[in-house]
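Participant: These two chains come separately, so use the hints to put the complex back together.
Protein chains in written order, with the numbering used here: chain A, 1 to 118; chain B, 119 to 231.
No wet-lab data here; the hints were simulated from the structure. All values derive from a computational prediction rather than experimental measurement. Just so you know, even glycine gets a beta-carbon here, dropped at the ideal spot from N, CA and C. Some clues are possibly wrong.
[To be verified] From the structure, some residues in chain B lie toward chain A, with a derived Cβ separation under 7 Å:
(1) Gly-158
(2) Ala-179
(3) Glu-219
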Amino acid sequence: GDSVTQMEGPVTLSEEAFLTINCTYTATGYPSLFWYVQYPGEGLQLLLKATKADDKGSNKGFEATYRKETTSFHLEKGSVQVSDSAVYFCALSESGYAGGTSYGKLTFGQGTILTVHP
Amino acid sequence: DGGITQSPKYLFRKEGQNVTLSCEQNLNHDAMYWYRQDPGQGLRLIYYSQIVNDFQKGDIAEGYSVSREKKESFPLTVTSAQKNPTAFYLCASSRGPDTGELFFGEGSRLTVL
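So here's chain B without its partners, still in its complex pose (with noise of 0.2 Å):
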């Protein structure tokens, strides 16, 4: 079955170290995003891809970083500059940047110690 898959479902980090989370998607789509929830706060955009080997900052990509070396595969890092990392993560993907029709997958949770 396509779809997108994250990993890890859970991570714990000790503060000052950077962690990489996974998102793998086999759709065929082109376009990846990256989103953090938090309670009450909805879902924020961090980093999106229209197209492989190029990305765009979203509302809230200050302390992260992400690469696009391939369509497949769109890995975000959370690094120590981020000063509230503990969050819920979410990757999707979208056949194209206008569709608006995001899939979603099942998230990773990043706690900091």
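Looking at chain A on its own, in the form it has when it is part of the complex (with noise of 0.2 Å):
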């Protein structure tokens, strides 16, 4: 089946150092690629998204490009924030039928702990 990997935690870095979160997926299809993170407490939010290969995901200074030769997602800041410090998750969504019904869901990784320092 399809599945995601992360690279292992927990990062960190100080203040305005540069972020790379390695993600590596398996997938029997094309899958579209998401970069999720978790503040403490709190549920997950969509940080950037990729659907096809060679596309480039961007938000709030993050980066990830969608390389399907190597089957990665990796996650990049230029220069972390102490307000960055989140839990990263890499996701992926397979779609297909089952029952007549078209279906999706996500698969995620592991998780991936960022602490920044002043």
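Facilitator: This is the structure:
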């Protein structure tokens, strides 16, 4: 089945450092890819997405490029802030048909805890 | 403001008791989902529903039950058959089943004493 693997954390950085969180996936088809962020005590929020190969998703200074040849979707930010401290989840969306009805669901990676110090 | 409301935020249960977690959305979304979050394991899909009066099992449905009698509501019951129910439960919705873009509630933390 489909799966998502994220780099192990936690990741600890100083403010203004460069961030990379690696994400690789396994999928049989052509999934859409997502990064979600979870701030302490909250649910998840969509950070960015890419729906086809070579697409770049970007939001709030974060970027990720859908690389089909390496099955990767690494998250990057040039200069992190203390407010970026959170858990980051990579995810893929598969779609298909069951019982005559289309369906879609997200498969998540295990999450990477990011802590940014002043 | 539109969004997803989960309640209660914290819940304690004795072993052998069933408990129901509430999830309500006013986004007019068709699809709704329940995920379980455990430390270091990411999110795992319990059940999902694409339309009223219909739902499908996810990857870890054993010991859980759901209903979808109204578009806005998708309650989850954690039954006594769930062997390890202590976890953080997240409800989500999406405009349709194929978008992959989910909107999440703030979660409910269940602790079994």
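Participant: Going back to the hint list, which numbers does this structure go against?
Facilitator: Violated hint (a single one): 2; every other hint is consistent with the structure.
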